[in-house]
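Protein chains: 2
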Amino acid sequence: MKNIVQAVEISASKPSLSDNTADLDRLKRSVRQATGQEYVTCPLPDVAGAAGSFRAAGFQGAAVIRDTGSGVEIIRVFSRMPQKLPGMALDLGTTHLEACLVDLLTGQEVSRVSREHTQGQFGADILTRIHYAEQNAGLALLQQATVSDINAMAADLAEGAGVQSGEIMALGVAGNTAMTHLLLGLSPYHMCREPYIPLANSVDIFRARDLGLGLSPGAPVWVAPNVGSYFGGDLLAGIVACDLDLEEQPCMLVDVGTNAEVVLGGRDWLLACAGAAGPALEGGVAQMGMQAGPGAIGQVSIDPDSKRLDYSTIGGEKALGICGSGLIDLAAQMYLAGMMDTRGKFRPESMQERFIEDEDNPSFTVVQGVHSGHGQPVVVRQSDINALIRSKAAMYAVLSTLVQQVGLSFADLGRINVAGAFGRHINPEKAVVLGMLPDLPPDVYHPVGNTSLMGAVRAITDFGARQRIMDAAGRITYMELNVNQEFMHRFSGARFIPHTDTSLFPSVPRL
Amino acid sequence: MKNIVQAVEISASKPSLSDNTADLDRLKRSVRQATGQEYVTCPLPDVAGAAGSFRAAGFQGAAVIRDTGSGVEIIRVFSRMPQKLPGMALDLGTTHLEACLVDLLTGQEVSRVSREHTQGQFGADILTRIHYAEQNAGLALLQQATVSDINAMAADLAEGAGVQSGEIMALGVAGNTAMTHLLLGLSPYHMCREPYIPLANSVDIFRARDLGLGLSPGAPVWVAPNVGSYFGGDLLAGIVACDLDLEEQPCMLVDVGTNAEVVLGGRDWLLACAGAAGPALEGGVAQMGMQAGPGAIGQVSIDPDSKRLDYSTIGGEKALGICGSGLIDLAAQMYLAGMMDTRGKFRPESMQERFIEDEDNPSFTVVQGVHSGHGQPVVVRQSDINALIRSKAAMYAVLSTLVQQVGLSFADLGRINVAGAFGRHINPEKAVVLGMLPDLPPDVYHPVGNTSLMGAVRAITDFGARQRIMDAAGRITYMELNVNQEFMHRFSGARFIPHTDTSLFPSVPRL
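As you go down the protein sequences, you meet chains H and R in turn. Under the working numbering, think of the first position of the first sequence as 30, with each following residue one higher. Under the working numbering, think of the first position of the second sequence as 30, with each following residue one higher.
Calculated from the structure, these hints are not laboratory results. Check the hints yourself; a few may be wrong.
Claimed, not checked - Quick look at which bits of chain R chain H covers, simulated, 3 or more residues with Cβ under 8 Å:
#1 36 to 46
#2 72 to 81
#3 211 to 225
#4 246 to 260
#5 454 to 460
#6 471 to 481
As the list claims (entries may be wrong) - Far from chain R, by Cβ distances over 10 Å, these chain H residues were calculated:
#7 65
#8 229
#9 332
We treat Cβ as the ideally placed atom computed from N, Cα and C, and that holds for glycine.
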């Protein structure tokens, strides 16, 4: 464990006619003494502040430093050891940003915030933004939107922790390849054109001032490397966050954000795929529903005999909509109660008054308007279920293609880490009923939260984790599914509940 | 010999679906192959340009790189090996700036310019500027003046060399401690207050963009370290420029700019002093005269018998004024012709019609108005001679105090390097007559030109020279003359022509 920055106590004798060492050189000497490191540097833009603070404090206090590998760099000087040494970690998502502040002195998280990514005003999806970046000043506008978001989050995080955002001493960022490019002001032009080459997969640590970030100006910024255009630093960070790269037995990380991304492997090899499956799955989960939040239906049960439907909402409030995990619960329960067939088509005759006739797109009433939070009924349309079926089919096809690729079966897996909001709220047993996840004992599935953010935290608090992320980047084999016939075949077979081949899902009752 | 930056040919295979290495990573790999260095970095602000250029050139061309000691840093990428690799060196003087452009591929100087330092608008001397820097925004204004000067010089140098200033790939700067602080935006506040401590004596190499310099934005900028408030990087650069630090036998470097600065020593030890003597000497040389340039009287001879005065001007043009070396020539000749006494006082009776009566400040006509370039007579006032006498006394006192301090005599010196315009134009034999320089054979004196600029050139063309400058900084002993009683005593004794103790100047005729 070694933080990306550290605070060390320093002191020096005061200047005199017989010791006329300059302030900066006196500071460097004291850092040399405190660290035992011979090669101490201070970037020019930080010199005046650092040397001036050291003098103002009477040539004692604390230096915040960074180990550069070949020496030590002085970032800032305080008059005394700081009470907190705040470091910020950021999950740079396409749609959402989530960040936390960690006190690097204790390793404890002290605040956390999330927000919509305002870059979305320039396009909801990655491809639209990549094209927007090609316009005149487009790249700069996209970058500025993200920088402004980060600065706003830094201010909120700081307020939550009782510090100033200008005291944040480090930033770790993990995002997908496109978001990373846009943050860094690097053109993503070639990412969406064959052969799909990013401008940079790995940039060296830079300083907050280089991007106009409102942190301590010399704060080092570490950005997770990418493996390619379709495999970003968010997932690399996730691999290390759940220690997938240390596993002896093959394990999996499944991360469903804007893309569905899956990594299979352990300490000896890592195989990954991502991309095609994502949009369908996110579309299916998000199109009709709402984010997992207060008022979102998260759990559903339907009695197979009476068809009585019970639900619970997040926070226990009146229902406002249905989130992804609620939709999965609902679909699984409807199937088990005989309210939809193996293709996911509604069975009006068993849905009674909940069925709403519509030639093109009938609906199912989950909550009547009189019971909802907004007075409108909460309904699920046939098209929503169709999208869910496509998504779950894609997910299962991804997982099975990946496992089969290396000659394994699901039963060989040690654990399956399910990341993200999807992982946090999903009930694996229900997802198994739908055939979205393989038919394994529930304890194989581990919800691991926002692994991208966790990985970014690890990166700023643990030098070894940064090394492991770089190592993982170097040994990942990425499998392209868009051109994979096997995947397309498996996708077709998975468009039934639970699957065309029901022997794959022995625990799911046959109807 | 190793330049601060180097150009290396690079090439890489083009991206394909089977080799999707990102542009930057491909570039780094090619630099790794070209240099054999494992650790290759690229600062974030240079990434887009460098990787973009590499792609635009078809993944081949040339990289301009810098050896950081622990690896290699990419500064810029060209589509082919550049014809020239321009590096700029600057002598950052208080009054004057002189700079040259060196082609780092050949080591040849390709252009040279000089100009007044426009920072002078804020104060002619160092102390005034230090006080100006204490005002609100004063430091920033002083810095901006110098940056603008450097940018204008870079443009002129580039034009003279047939390149663009944005193609200048490195800058080496040597200046006194105050000028260095003001260029770097570092407060000189404590330099003029006991115990006279600079904010920084040595800053790490930074990049042109950090100061808004109009060179290649990532161009490394090396600034010569200082030893203390009164001993700057200009003299350290000078020590290495004339190889004083390699001499077996004790030698001297005498540099008269805004300050008179003298270093005595060789490869084993270095003793230096500066300061007090300077202002008087520069005042004496510059107050009445002009810079050594076309029309300046540079040499004077007076026939002791006929009192006939002959002179020559620089460039052979009609006389416009008299420069420092001309003044020394004149005073020595007037003394030898009996036209002034050993105290430097005019002897009207031997000056005939050239004497201009004035109760407070009589003058001597060097050139009559009908023969001058501007129609006005060129005259030297008694006060000018008085200032010259003070200056020469200070100079001799500095030299003799320094030599005596280490138990040597002038005869022990191997060579005396005389730097600057002073050294270029002075006739040592005349300076000996005045008692400004010790009575040694003329071949002991070596005019060595602008050693500060030469040292800056060495620093950007030779890694070893940079090391030697750092080493010299570490082993110089600085002697403070302001509080030195011995110096004051010697100063008084030297206020006669050639000296109170004429036995010190056996070669000078006694009158």
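Taking the hints in turn, this is what the structure says about them:
Judged by the Cβ-Cβ criterion of 8 Å, the stretch 36 to 46 of chain R is covered by chain H as claimed, because 3 of its residues qualify and three suffice. Restraint check on the stretch 72 to 81 of chain R versus chain H: 7 residues with Cβ-Cβ distances below 8 Å, three needed, restraint holds. Counting residues of the stretch 211 to 225 of chain R whose CB falls under 8 Å from any CB of chain H gives 8; the rule of at least 3 is met. Beta-carbon proximity to chain H at under 8 Å applies to 3 residues in the stretch 246 to 260 of chain R; the threshold of 3 is reached and the given coverage holds.
Coverage of the stretch 454 to 460 of chain R by chain H is violated in this model, with 0 residues showing a Cβ closer than 8 Å to a Cβ of that chain against a need of three. Evaluation of the coverage hint for the stretch 471 to 481 of chain R: breached, as 0 residues show C-beta separations to chain H shorter than 8 Å, against a requirement of three. Residue 65 (chain H), annotated as away from the interface, keeps every beta carbon of chain R farther than 10 Å; the closest lies near 17 Å. Look at residue 229 (chain H): its CB is around 4 Å from the nearest CB on chain R, not clear of 10 Å, so calling it non-interface is violated.
Against chain R, the non-interface label of residue 332 (chain H) holds: every CB pair exceeds 10 Å, the least being about 53 Å.
Consistency with the previously given hints fails for numbers 5, 6 and 8, ordered from lowest to highest.
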